[in-house]
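Trainee: Please work from the sequences and hints to get the whole structure.
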Amino acid sequence: MLHSHQLTDQQWRIIRVLAGKKNIETFELARQSMVPPPSLTRILKNFEKTGLITRKSDKRDLRKTLINLTPAGWEKFDQVSPEAERIYFAIEEKVGKQELNQLLKSLQKLNTKLHIE
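The opening position of the sequence shown corresponds to residue 10 in our numbering, with each subsequent residue numbered one higher.
All clues stand as given, with none of them false.
Computed list of lysine to any residue pairs in SDA-like fashion (alpha-carbon distance at most 20 Å, straight line): (1) K54 to P80; (2) K58 to T74; (3) K31 to W83; (4) K103 to K114; (5) K106 to E92; (6) K54 to A28; (7) K30 to P91; (8) K58 to T35; (9) K103 to M10; (10) K58 to R25; (11) K73 to T63; (12) K54 to W83; (13) K58 to L75; (14) K58 to E34; (15) K58 to Q15; (16) K31 to M43; (17) K65 to P47; (18) K122 to T35; (19) K65 to T50; (20) K31 to K73; (21) K31 to K65; (22) K31 to A81; (23) K118 to Q41; (24) K31 to T50; (25) K30 to T79; (26) K73 to V26; (27) K58 to R22; (28) K114 to P45; (29) K30 to Q19; (30) K54 to S66; (31) K65 to L75; (32) K65 to P80; (33) K54 to W21; (34) K103 to A93; (35) K31 to T63; (36) K65 to R51; (37) K73 to E37; (38) K122 to P46.
Rather than coming from a laboratory, the hints here were simulated on the basis of the structure.
Mentor: What follows is the structure, encoded as structure tokens:
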């Protein structure tokens, strides 16, 4: 499904996180999207080049970079989101909401532990 929109899984996770939060810091974006920082840097450079995101320095702390979707980024999100939601709900219907939520929590926990170590 993502391939038809010229996106990888990592790219889609980044766009989804950006759609849910304005002015997100790079570190937090990596954590929430579960994308390793080196991969995130490469993807963000590509997104900026293709006009999907903007990056700006945090006025309170110039060491931090804040990321936002552009109108083109929102358009990409709006194109992919309905199909992604249909797939998610189909999976939820097969395995059950509680089991799917438990799986997602376990994956987030694993990701947190891997980033710490």
